[in-house]
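Same order as they appear, the protein sequences are chains A and B.
Here my numbering runs 13 ahead of the position in the first sequence, where the first position is 1.
Here my numbering runs 1402 ahead of the position in the second sequence, where the first position is 1.
Among these hints, one or two may not hold up.
Distance ranges between label pairs, derived from CB positions [stated by the list, open to error]:
| hint | chain 1 | residue 1 | chain 2 | residue 2 | range |
| --- | --- | --- | --- | --- | --- |
| 1 | A | Gly194 | B | Glu1705 | 29 to 35 Å |
| 2 | B | Gln1481 | A | Ala239 | 32 to 38 Å |
| 3 | B | Gly1521 | A | Leu193 | 32 to 38 Å |
Below, simulated SDA-like cross-link-like pairs (lysine to any residue); rule was C-alpha separation at most 20 Å, straight line [what the hints assert, rightly or not]:
| hint | chain 1 | residue 1 | chain 2 | residue 2 |
| --- | --- | --- | --- | --- |
| 4 | B | Lys1654 | B | Gln1725 |
| 5 | B | Lys1430 | A | Phe233 |
| 6 | B | Lys1430 | A | Ala239 |
| 7 | B | Lys1654 | B | Leu1597 |
| 8 | A | Lys171 | B | Lys1654 |
| 9 | B | Lys1430 | B | Ala1458 |
| 10 | A | Lys171 | B | Leu1407 |
Treat the hints as calculated values from the structure; they're not laboratory data.
This structure is a prediction, so every number in the text was calculated from the model and none was measured.
We treat Cβ as the ideally placed atom computed from N, Cα and C, and that holds for glycine.
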Amino acid sequence: MSLTQAEIATALRECPLLAACTPQEHARLLAAAQCCEFPAGTDIIRAGEPADHYYRILDGAAELITAQARRTLGPGDDLGAEALADAPAGQARHLATARAMTAVSALRLPRSALTAPAARDPRIRSGALLGLAARLGELPPPDTQAPAPKAPAPLPLKQRIGWVATLTLPLLAWYAGGHLGLPQHSAVYLGLFTMTALMWLFSLVDEYIPPIIAVVAMLFIDLVPAQVALHGFYSRTFLLLLGVYALSAVLVSSGLAYRVMLGILARLPDSPFWHRSALTAFGFVLSIVMPSSNARLALLLPLYREMDDSLAAPAHSREATGLMIATFTGATLFSPLLLTAKSSNLAAFTMLPIQVRQEFQGIWWLVGAGVVAVGLLACHLLAMRFLFRADTPRRALPAERIAGQIAVLGRLRPQEWVAALAFLLFLGGAAVPQWHQSQPAWLAGFVLASLLALGLFDKRGFQTGIDWPLIFFLLALDGLTQAIHYLGLTEVMIDTVGHRFDWIGGQLGWFILLALAVTLLLRLALPLTAGMILSATLLMPIGMDQGIHPWVVLFLTSLFSDIWFMPHQNSSFQQVLAGGLRARCDETLFFHYAWWLNPLRVVLAYASIPYWRWLGLY
Amino acid sequence: MKNRLALVFASLFTVLLLALLVAFNHQKPRVLILHSFSETGPWETAVNTGIQRELARNRRPIAVRWRYMSFSGDMSPAQWAAAGRRNQGAVDSWEPDVLVAIGEEAQVYVGRHYAGRPGPRLVYAMGEDPASFGYTTAGNVTGVHEALPLAQIVELLRHLGRPALRIRALGIDDPTGQAEGQQVRSFDWGPHRLLGVDLVDDFEAWQAAVHAAARDTDVLLVLSTGGLPGGPEDPAETDRLFVADWTERESKPLVIGVRESFVAGGGALAVIPSPYGLGEQAARKALDVLASIRNRTPLPSPEVSLEFQIALRPARLAARGIQLPALYAQAARASQSLYD
Chain A
14 MSLTQAEIAT ALRECPLLAA CTPQEHARLL AAAQCCEFPA GTDIIRAGEP ADHYYRILDG
74 AAELITAQAR RTLGPGDDLG AEALADAPAG QARHLATARA MTAVSALRLP RSALTAPAAR
134 DPRIRSGALL GLAARLGELP PPDTQAPAPK APAPLPLKQR IGWVATLTLP LLAWYAGGHL
194 GLPQHSAVYL GLFTMTALMW LFSLVDEYIP PIIAVVAMLF IDLVPAQVAL HGFYSRTFLL
254 LLGVYALSAV LVSSGLAYRV MLGILARLPD SPFWHRSALT AFGFVLSIVM PSSNARLALL
314 LPLYREMDDS LAAPAHSREA TGLMIATFTG ATLFSPLLLT AKSSNLAAFT MLPIQVRQEF
374 QGIWWLVGAG VVAVGLLACH LLAMRFLFRA DTPRRALPAE RIAGQIAVLG RLRPQEWVAA
434 LAFLLFLGGA AVPQWHQSQP AWLAGFVLAS LLALGLFDKR GFQTGIDWPL IFFLLALDGL
494 TQAIHYLGLT EVMIDTVGHR FDWIGGQLGW FILLALAVTL LLRLALPLTA GMILSATLLM
554 PIGMDQGIHP WVVLFLTSLF SDIWFMPHQN SSFQQVLAGG LRARCDETLF FHYAWWLNPL
614 RVVLAYASIP YWRWLGLY
Chain B
1403 MKNRLALVFA SLFTVLLLAL LVAFNHQKPR VLILHSFSET GPWETAVNTG IQRELARNRR
1463 PIAVRWRYMS FSGDMSPAQW AAAGRRNQGA VDSWEPDVLV AIGEEAQVYV GRHYAGRPGP
1523 RLVYAMGEDP ASFGYTTAGN VTGVHEALPL AQIVELLRHL GRPALRIRAL GIDDPTGQAE
1583 GQQVRSFDWG PHRLLGVDLV DDFEAWQAAV HAAARDTDVL LVLSTGGLPG GPEDPAETDR
1643 LFVADWTERE SKPLVIGVRE SFVAGGGALA VIPSPYGLGE QAARKALDVL ASIRNRTPLP
1703 SPEVSLEFQI ALRPARLAAR GIQLPALYAQ AARASQSLYD
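Let's have the full structure, built from the sequences with the hints guiding it.
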């Protein structure tokens, strides 16, 4: 039986096992596929021999012979699924013999051609092996048909409006800017900025894409030189982000983070308050090296589930809700309190004058945020102690099981030692930079280089452990804000604003009000990172013009950008929703708590004024 | 994969964005900067620094391209002509709004080709007389004429403590030397006296002129020395740094150079037209020309570059028993032309 290439391609496409392959993979399989003929009585495969090929019978009948039974196979059946096993070459062997009962025509695919598709889509490998197991166990073969593709959902109206707006309004902004007397470069920037804001506002693409588009467009037309548009890529922020992400990835992958969480639980008293405090404390520790509340929450949620299962508080009870709130707040509360706790802190940090950057790059950020930190933490702990008391008798946390888990982990492994040392090195270096006489960013770079050299952070970790889209997002945002200064738009803005902010009169109290209004307004439309950075971009020149310390301006935008009212404003909330919030918690109580923190942030900002005066920041 | 309608919108957006960016680039004013010599020459580098300093102040998007006519100074007339044709081709194909031609060769082989013709406006930056290229009568030409800082040299001579000095200029008999010689001749040297301008053909004649100057000269003004052949039988260029060192050592009169290479090679003192200043002025002129095109106003007038620098080698100056006010050493230090 001789088949044309088109017929072989059809046979490949009709093979249920290969239904999940992409067109490119089908094209590659076509190059590797061969038609084979087996006269009656010959063995197609033999038990114990290397499974180097996978066969699909096109014509004729074969008999599958196992120790227990014999089974007849015909056109459409496959043989040699063992070739798809994830075993070293030569070690995958046939488990049965197949003999041609009549002349058999079969399509033959070498194991090497199937490796890449099977690695890409685990359904191919599991489908093949399940079929093999069923055949050997004399069960009906599983349905390996790929699920029918879902009809795509219609484009939501919001996105339709968004695309139309994105296609028209930037042009209008450019045109109007030119006619309102803006210089050409300012009008072009206005158009690009409008485009970016609209794409964010209507969530047309992932958050990190619009600033990249804007930066590339600015470079394409020479609106700003590369050293301005790509400023972030050779700033210290780049290496700081890389180092912090590498450290955070190694802390998790080495198992140290989980060990520390279990250790904290094992040592604290077994009471709801201490359980919640443990989650909050761990959130704080993670905030030092994880510049993403989502990443922290991803690490805390499994621990929460273990605790929740063990404590077995009734669903929607105050105790169950308190545990979830402690998890959520532990991951999010410290974001504005540490430079490295929030990626937008790091990105906006470059807006500060150099001497302020040097001053606030270590422990001084936390010192400056002292009143807010103490206030937020104290209020949170008090709430955890008194507002979420158990309604019913509670179960004890299984201390024996936790001890058992720690025992299973065994002694600290070398990877954990290195991760711990790297963490302490970074922490010590950031807190007391005097001993190394360098910048924390370069220390973060040293930590990164060391982890790479020691093999703890390998190539795969480098590719997957670092949030590259977020880094590009932050650095592209930096390019957008740098362009504002380069194009002289800060001066244009101040000239436009004129004396409209004279009512502030250098009074921090009034400026806090302005910062709150601007940040809340932007955060209604923009995601957290973009909202905070744009707020800082707008407020920094106004604040400096009013004699407000630049770090205070930045801190206020960071603090107020964490205020949220609606679920879409907080991606961490979406995470806890997926993590079982509705099944286990009283959602109303959860929201009340989250909203209660909002005015507290504002009150604490005002309460910081005398403290900042004492520190010489006001 | 995106929803089909989203894909349509995204494709439309991408195509529209690209079309707008490309259209923007096409309508963006174009400036072609053409140097006579190579990219790595110290003078060209300094001129470029000045140009970039001025362009960095500009915020209006413009497209700037840089071209260099030669890879070295050692080119035959045929090679210069070929380089001229290549660069004319580049100008014709890119169609710049402004062509900034820097140096004499850029005018001879490219710039003057466009004088009085529709096409690019020409901004020259050179030491030669613009009239010799027909620029003064062309409506599309303006530029910066690099003048030798002769007034500053006269001011410097006051510090030698002698009321009237006999001055002689020595240069090469080529277009640059002739243009410089013309400036020296037409300058009012009072209260001093210009004995003459000697333009020589080769280094042998140069050596003879330096020795001859000892007879009647107090100050020997050394003009540009680039491209000086070794002798009648030796057409290879003599290293200008060697020429400088030899001249400083052999000359009895005080030698004052007009190029930094003179002090870099071993000379004691030079008062030089600032290449940074020339670059800045040329770039400013190009931006002014773009503004005049935009606003449909007449081209800005040509101007003379009056910016200068001091280059100093205090040890050699002291060996001649001359001490200048500290201002000169500090000026040389500020322009990074103080040599130990």
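Run through the hints listed earlier and report the numbers of any the structure violates, in increasing order.
8
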